[in-house]
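K.L.:
Given next are the chains, with one letter for each unit.
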Amino acid sequence: MSGPYVNAPGEAATIDSLRSAKGRDLAERVARGSLPYVSFVETRTAVDADVVVLDVETEVPQVREHDIRPVERVAVWFDHLDARTPEVLALREDFPATAHLNPPVEAIPKSLCLFEEEYAEVRRRWTSAFFIRRLQEWLRLTARGELHADDQPLEQVLAGTGDQVILPHALSVPGSATDAGQVVRLRVAGIDEHRARCLIQVDLASGDGTSRTPDWFSLSFTSSPRGPGPIASTPRTIGDLHTFLAAGGDDVVDVLRRLLLEWPREAAALAARLLLIVRIPKRRSDTGDVERVETWAFLGPSVLDAGVALGVWETGPRGFALMVPMADERRGHDAPLTGLSVVFRISRHEAAFLNGRERPDDRRIVGIGAGALGSQVILNAARAAVGQWTLVDRDRLLPHNLARHAVAGFGTGHHKVNVLAFAGNGLTDGQPAFESIIADVLNPGPERERLEERLGNADLILDMAASIPVSRHLAQDAPGAAKRVSFFLNPVGSDLVMLAEDGRREIRLDALEMQYYRAVLRDARLRDHLRAPDGRMRYGTSCRDVSARLPQAQVALHAAIAARRLPVLADQDDAAIRIWQASERTDDVVALDLAPRRVTRQAVGDWTVVYDDGLVETIVGLRHARLPNETGGVLLGAFDVERRIVYVVDTISSPLDSQERTTLYIRGVEGLHERLKDAQKRTFGQLEYVGEWHSHPDGCPCMPSRDDLTVLSWLSSHMDADGVPGVMMIACRGAALTVLLAEVLAHR
Amino acid sequence: MHTVTVFPLGNADCCRLDLAGGQKILVDYANTRNADDPSDRRVDLEKELRADLKAAKRDSFDVVAFTHLDTDHFCGSSEFFELRHAAKYQGKDRIKITEMWVPAAAIYEDRSDLAEEGRVIQAEARHRLKQGEGIRVFSRPAKLEAWLNAQGLTLQSRMHLITDAGQLVPGFSRSEQGVEFFVHSPFASRQDDGTFVDRNTCSLVMQAVFEVLGRETKVILAADTTHDVWTEIVRITKFHKRPERLEWDVFKLPHHCSYLSLGPEKGKEKTQPVDAVRWIMEEQDQLGATLVSTSDPIPTEDTDLPPHRQAAKYYRDNRGARGGTFVVTMEHPKVSAPEPLVITIDHRKATIRKRATAASVAVTSVVAPRAGAGRRRS
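Taken in sequence, the protein lines are chains A and W.
The numbering used here numbers the first residue of the first sequence as 1056 and each following residue consecutively.
The numbering used here numbers the first residue of the second sequence as 19 and each following residue consecutively.
To be clear, the hints were calculated from the coordinates, so they are not data collected in a lab.
Glycine included, each C-beta is placed from N, C-alpha and C at the ideal position.
All clues stand as given, with none of them false.
Subject to a maximum C-alpha distance of 20 Å in a straight line, what follows is the list of computed DMTMM-like cross-link-like pairs (lysine to aspartate or glutamate):
| no. | chain 1 | residue 1 | chain 2 | residue 2 |
| --- | --- | --- | --- | --- |
| 1 | W | Lys352 | A | Asp1110 |
| 2 | W | Lys352 | A | Glu1083 |
| 3 | W | Lys352 | A | Glu1112 |
| 4 | W | Lys256 | W | Asp182 |
| 5 | W | Lys372 | A | Glu1112 |
| 6 | W | Lys331 | W | Asp320 |
Counterexamples of contact, computed for chain W against chain A with all Cβ distances above 12 Å:
| no. | residue |
| --- | --- |
| 7 | Thr23 |
| 8 | Ser57 |
| 9 | Glu64 |
| 10 | Arg68 |
| 11 | Lys72 |
| 12 | Leu132 |
| 13 | Arg137 |
| 14 | Ala160 |
| 15 | Leu173 |
| 16 | Thr249 |
| 17 | Arg260 |
| 18 | Gln290 |
| 19 | Gln302 |
From just these sequences and the hints, can you work out the full model?
P.N.:
As C-alpha cells, then:
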C-alpha cells in the first residue's frame, strides 16, 4: 500500500467548476477512464489555479533505483492563465529525493520536473494523453534510475531559478571521506549580473587570501557524512543551518566565529559579503562509504552583520566592539541566507564523457605547429580530453591569423602555443593537460633540452607544421621512439593529408612522403591535388604552403577529421597514408587510402638510397613484359643533399625510340622531356630526375657489365653539374634491384 | 531483456516467452475468441502471434509446450500449427514447431478420453516420438517403456528425448540463453501409483529461472495444478532440500484462479490454502512479485466455475506484504479492453509493462477502415 499522502493544495471543487481548460480536460478524461493506468481521485481549486489529483499506476521493476511505488498519487497544478508549465506534485509524504525534481528538492510534496523544454514548446504539443505518457515515463525511468540519460547534460541548469554559483570541480567529488569539518577558503573570481540575477564564479583560494582587502568572505564547509533519509527544509538563516548541521555533530557557528575573528577589521573588509558553501557527504547506509556529496551554496549578510548575528562583536553609536566573552545565545538566527543554485566546472573525465568517450586519453603528445590547422586540431582534442600535450611553435598570434586560428582575439600578440595551452587548460579543472614550448623545432635554441626530453618521452609526435624540413627532421634526426604523424593541407586547402608511421617506425615520414608523391603522380583522383591556387605568386617551393585565402570552415572541416583520427592513430600499429578530399560543389568528403609499402634503405658509399616495394614492383613488371629483351627508363625521385639521401620513387618507362634487345638497352628521348616536366608539375616540383635503370635478361648476372659502367660514368658527368649523384638501378631475375650510385666527381 | 507475454483468453492459457537471444517459446495455445461475437473481449490469439512472428521475420516457434491435453490449453492448435503427422495439417501459412514439449500422459493416455483436437495433438506427439526428433516428453522414462516397445522402439533409443522431474530441460542454460527450466511435474509418485490418469495432475509444471547480469528472476508456470499435487511437489522439493526451486517472482496461477488449487474448501469469503500452498504463496514469493490469473474477470458473486472470488481474495490479500501485484488477464489493463500482459525481465527483475500507446503508433498498427466514394446510392 502507498501513502500516507499530504493534502493537495486548494479546496475541493467539481470538475465542471475548473477554470483551466487543460485541467478540466485531464480530469474528465481520467474520470471517464479513457486514459490507461491512471485513475481519478478528485479535483480542487485555489486562487489562481486548479488542481487535479490522480493515482498513477507505474511501470516499476522489482528491483528499483528509487523507491517509486506501483501506484503514486499526484496533484497536477494548472494555473488559470496557462502561463506556466503545469506543476506535478507527488503527494506521498516519503516520495524519494530523486534527480529531476524542481527546487527546492527537499520540499514536501516533491515537485517533479517532467519537462526540460520551455513551456512554449510543451504547450504546442500538450494533450492530456501526452502529459500522462510523460508523467508515466518520468516515474518509470526514475524507478530504474535511468531518467538521467547518458546523452543529457551532467547538470541541468534550471532557467529562472535564481542566482547561480559556479564552483571548482574539486568541490563536487567526495575527496577523503573523513574530512568532516574541513574548511576550504575560496576566492570569488568573477560575478556577472543580468536582470537582477547574478552568477558568481568561484575558485579555490591560493595561499592566504586575507592579505589584500577582500570583497568576499567565502569558504566551503564540509559536514559529517549523512546516511539516507529526507532533508527537512532549506535553511533560511545561519541559525537554521547550524541547527540542521548540529544534528550530525557539526558546529558551523563555531567555525564561522573563529574565522570572523581572524578577518581584517577595516571598514572595507567588514563590508565583504558572506558566500558559504556547505558540502554534505552522503552515504547509502549509516556506515557505508561516501558515494556523493550534496552541495548547498548560500549568500549571506556582510561580515559585519554576520559577526553581530553570531555574537562575535557588537555595533553601536560608538562604533565596533568585540564581545568578550561572545554572546553565545546569538547563533545566527538574524543572519539571513539566500540559496544559490550550484553548477560545477567539469573535469577531464566529464569532458571525455560528454564527448562520448569512456575516459580521458592521457597519452603524451608533442604537437608541433600551432597554425590554422594545428590550433583547431588541438582544441578539438582538448575538448574531448584527448592527449597530454606539449605544444611547440615559435610564432606569435598576429591579427591576420585570427581569420583561421582557433584562438580568438584575446590572444593577439601572444605566442600561439601559450594562448592555446591557456585555452586548453581553461576547459576543465584539474591538472593542466597542456604545456607550451616557444621554439622552432629545427633550431630550438635554449629550449633544445626540454624539447628533446619531451620528444623522447612522447607517445605520439604530431606534426602539423606544414613544413617539409620539419617532417624530414622528425623522421630522421629528432629523438624519441614514438611514431610520427603528419597532417597538412594541399595548396588550395581542399584536401587533408595524413602520413602516419607504423609503431616500429620502419616506414618513416620521409618515405611515406615519397609514396604520397607517387600517388599524386599516378592516381587520377589526385590529378589536381598539388595544383597551385589560382593567381598565386610562387615565392616558395613548398607544396605545403597553403593559400592565404581559404575559408575557415574548410580548415575546421579538416581539423575535425584530423581530431577524430587522433585516438585511432595512437592505437593503430600500421603505417597509413590517407587523403580526405572535400568537394567544393557538394561538400562531400571522400577518403583515399594508399597502402604504404615496405621501404629499403640501402647505403651506397656515403649516400643512402631509399626506395620501396612499389617501385620494385613497377620495374620488375616492366622488365618482365619486355623479356627476353632488355628494357629500362628514367628514375624519378628526390635528393636530400643535407642528409645525403636519394629517394627513388617512380619511373618513366622506356621512351618509344629506345633500343631494346636481348643484349643491350639504349634509352631513347622521345617524349621524355615532356613527361618529366609533367611529373614535376603534377608533384609541385617535388619529384625530379634522379637517374636511370635498365634490365638484364634471365641468366645474366645482376652485376653491372662493362657497358653499364660506361653509362654510370656518363651519368655522373651529367649529374655533377647539379652537385648530386645519379642513381643507376639494374633489374635482373628475381625481385631485388642492384643499386649503383654515380658519385659526385667533385668530391673525389 | 527477456519478455513474458500472457494473453487474455478468458479461462484459457497461452504464454509466450521471448528470450533475449531471439528464441520464442510458447506455453499452451488456446485460441478461444469467438470471431462472430463483437462483444467478445478475448484477444485474437492467432492474429497476435502471427503479427509477432512476422515482425521477427519468422514462421516457427523454437518450442511449443502443451502442459496437458485439456481444451483450454490447446484449442485451435490444429488450425494454427503445421503438424508433421498428416498432410492435411501442412501448408505454407502454418506455423512450425521446432520442438514440442508434452507430459507423458499426452503420449499414452487413452484416446477415447480426449477431445477430438486433443487426439490430433496426441497423434503429432506420438509421431514425433516415433520419428525421434522435434519432441521432448516429460516423464519418468520407465513409464514410457511399454508404449515404446509396442511401437517396436526401445527406451534406450528415445532416452535423449525424455526429461524427468527434478531435471533441467536440455538445450537451455543460464549462461547461453539466459534461462533454465526446472521440471516439477509430471513426477513419478503420481504416475506410478494407479490405474487411472488424471490429466491435470499429470500436467507439465516448470520453474523458469532467468539470469540477467547475475540477477535471477523466477517464473513458475503452473498449468492446472491442484492443491493435492502442490502438496506432493512441496514434499518432494523439501525432501531434496531445494526450496529455491519453488521461489518465484512471477507465478502463472493454476487453473484460472480455481479454489481447488489452494485447498479443498472454497470458503465463504476467502479460500484457505493447505499448508504446502501457503508455504509457496507466503514464504517463497520475492519482493514485488507478480501473480497472474489467466481467467475471466473475478466475479462478485459466488460461482461454480473458476475464477472463484474466494481464491482471488486470498491471492489479492496476500500480495501486499511484499509489494506484489495480482493481475487478472481479462482485467488488464481494464475489463472493458483487456490487452496482452507483458512482463519484461532484466537485471532489475520483472516489470509489468504499463505504457499507453501513442495514437500514431496505434493507428498505424492496424488496417485502416474502408475509405473512398463507395457504392453509388441508387
